[in-house]
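Chemist: Here is what each chain is made of, one letter per residue.
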Amino acid sequence: MKQKPAIVIIKKAQGIETVGCGCLVEYVLCCPKIIPKG
Amino acid sequence: MKYKSSKYNIFVGRNKEQNAIIYNSYSSALISINNDLEQLISSDGFSVNQGDLDNLSHINTLLELGIVVDNDYEEDIAMEFLSMREKYRTDKQLQITIAPTMKCNMICPYCFQSENYDSEEMEYDICDKIVDFIDKMVINHPYLSVTWFGGEPLIALNPIEYISKRLIDICAKKNILYNSSIITNGYLLDSETAKNLFEKCAISSAQITLDGLEEQHDKKRILREGGKSFSTIINNIKSASDLLKIVVRVNVDKSNQGKLEGLIEKLLIDENLKGKISIGISPVFDFQERKNCEYNEFCSKNLWNIESIVAMRRFCEIDHIDRFCYATLQPSLVSCSANIFDSFIFDPQGEVYKCFMSLGKKKYSIGNIKDISNFERLIYNHKHKEWVDASPAIECKKCVYLPLCQSGCLFDRMQKGISRLCFKNKENLISILFETYSIFEKSQVEE
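Those sequence lines, one after another, are chains A and B. Numbering (the numbering used here) for the first sequence: 1 to 38. Numbering (the numbering used here) for the second sequence: 1 to 447.
You may find that some hints are simply not true.
[Unchecked claim] Below, computed lysine-lysine pairings styled on PhoX-like, alpha-carbon distance capped at 25 Å:
no.	chain 1	residue 1	chain 2	residue 2
1	B	K16	A	K12
2	B	K228	B	K238
3	B	K442	A	K12
4	A	K12	B	K398
5	A	K11	B	K442
6	A	K12	B	K426
7	B	K276	A	K12
8	B	K274	A	K11
9	B	K442	A	K4
10	B	K92	A	K12
11	B	K7	A	K12
12	B	K238	A	K11
13	B	K276	A	K11
14	B	K2	A	K12
15	B	K7	A	K11
16	B	K16	A	K11
17	B	K276	B	K245
[Said to hold, decoys possible] Chain B stretches covered by chain A per the calculated footprint, using a threshold of three residues with CB under 8 Å from any CB of chain A:
no.	segment
18	30-43
19	373-386
20	434-442
[Stated by the list, open to error] To list a few chain B residues with every Cβ distance to chain A over 12 Å, as calculated:
no.	residue
21	G51
22	E121
23	D135
24	L243
25	K363
Worth flagging that the hints you see were computed from the coordinates, not collected in a lab. Keep in mind that this is a model prediction, so the values were computed, not measured. Glycine included, every Cβ here is placed at the ideal spot set by N, Cα and C.
Take the sequences, apply the hints, and build the full model.
Modeler: Have a look at this one:
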């Protein structure tokens, strides 16, 4: 039986980016500038 | 060499093999690790025997992922430095947003701009002032990013075309990359308009809102002059998606509860838009806590927790997870673009703002471009400084959620006169991360 790897990467580390609005999901009534990276 | 686990690691849960699923809120890496490795990295100052090649290799991987850091690395101090630098970087884009009009052809009940419907289209002298401002500010930046916003920007195509042409020329002469997008309700984005935006204005992407299937959408996205908009917008998305990168935004509230799966199926399967568009969902929370607001269908936290998972699951059954947008998972070194020096928003009268939400609220303007003969007076003033200076509250600096939250929405904090708004929806973050893991696991089995 194939042994499972010790680490499984689901999502790699990404460079931290600042585009658009960071306040999107928590507080906003219709904040328009969402989903900067689409 | 000694190591420790990153202080930004969030424990998400365990998979079927009881392996830990870990998310790092700074690097945004999501992994699962076996029990031996979990045990090894759980104590501060752990080390690995040089002869233990397997574990050395694992630790190198975890270092790259940001899950493990050097034992003496002060992550919170590093983040403070990086945040300060981020605010004043010129090696990234100059970020400009322009609202050529505040008028809108829709009267959506939840809109935060309802007091601004009667403003005029941007006049050419204001357009010229904005272009002159950008011409000076863009020096040293590798690229210029322009977002068209409103009101409904497609009502005011003339200023868009005029400013775009001038900015494209300036960027070409200065050897600067030009990148432009538009936030629109999509009703006027017919194929000819999309072609014009793409060819003449170098607009490459559009965010368009659909608030449910036809019935729910047409009740909520109400045309000012009456009539329905859903089928027109769908047709426009289909034709525009050949030229523009389209992000469909869905505002989630009580009115479209349980309908997101249907909308996703309609777009991706019935309309054959799989692989051609992205979908981003966002809850309609009561941002302004308006006491006399007639709109009463705000999304509750529970509703959002259910709907976001259902939508994500269904989307990923049909299309790739990369095209599903969930903004909370995006770490940032600053609160938002309002917190960055080189980011400006212009309204049709030339008022300059930092935050989208404050657009049209003159109290929050940092100046008016037509009154300023010297641009330095516009950017080096105390109002601008207040936005750029703002930092996370001291209480937040040790928080594992800091890279995702940065003490909350800057505008909301300013309005309420408070230093922080705690990251409220931690359960939803954990659920979304666990779902992301499950989707990944399922895809592995299918392969």
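Chemist: To test your reading of the hints: which numbers does this structure violate?
Modeler: The structure conflicts with hints 12 and 19, although it agrees with all the remaining ones.
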